[in-house]
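Novice: Model the full assembly from the supplied sequences, consistent with the hints where possible.
When the letters of the sequence shown are read in order and numbered with mature numbering (1 follows the signal peptide of the UniProt record, and there is no 0), they come out as residues -21 to -1, 1 to 106.
Don't read these hints as lab results, they were simulated from the structure. Glycine included, each C-beta is placed from N, C-alpha and C at the ideal position. Any given hint might turn out to be false.
[Claimed, not checked] Ranges between beta-carbon positions, derived for each pair:
hint	residue 1	residue 2	range
1	106	8	17 to 23 Å
2	6	97	32 to 38 Å
3	97	4	25 to 31 Å
4	77	5	19 to 25 Å
[What the hints assert, rightly or not] Distance condition first, Cα-Cα at most 25 Å in a straight line; then the derived SDA-like pairs of lysine to any residue:
hint	residue 1	residue 2
5	44	90
6	29	16
7	58	3
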Amino acid sequence: MNIAKTLSILALTVIAGSAIAAPRGPINAKKITSTQTVNYTCQQGRVAVKYNFNGAGIPVTAAAKLNGATRVMQYDLNKSDNVDTIFGGRGYGISMEMLTSKNARKANIATITSPNDEILFKDCAPR
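Specialist: Dropping the structure here:
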């Protein structure tokens, strides 16, 4: 076999192999792929929070029964970082340690607040 033919076969093999191993594209950050409900014990009582996560393990929403109704709060990308996770919606908010799908049952909540900035729950630890 001549060198040109060998190189062209090798190039086709590499191209075909890389096409097979190529990622499927970017993760849809808002697509929910997993859900976890965590029960907390707080200074003011108990609360359960249901978290929805995307394919990267980043939270998308948090829902909790607050003031007699289920409140759904969105992950706040502008306020969250590698130290704190912030959720907010319709005036309600959750401020907590950095949250991922891997540490959801270990991360503590600092505060859960109502629209008038009343602290509903404080210093919440997973049960």
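Novice: Does each hint hold? Answer for all of them.
Specialist: Consistency of the hints with the structure:
{"no.": "1", "hint": "106 - 8: 17 to 23 Å", "result": "violated (30 Å)"}
{"no.": "2", "hint": "6 - 97: 32 to 38 Å", "result": "holds (36 Å)"}
{"no.": "3", "hint": "97 - 4: 25 to 31 Å", "result": "violated (44 Å)"}
{"no.": "4", "hint": "77 - 5: 19 to 25 Å", "result": "holds (22 Å)"}
{"no.": "5", "hint": "44 - 90", "result": "holds (14 Å)"}
{"no.": "6", "hint": "29 - 16", "result": "holds (4 Å)"}
{"no.": "7", "hint": "58 - 3", "result": "violated (29 Å)"}
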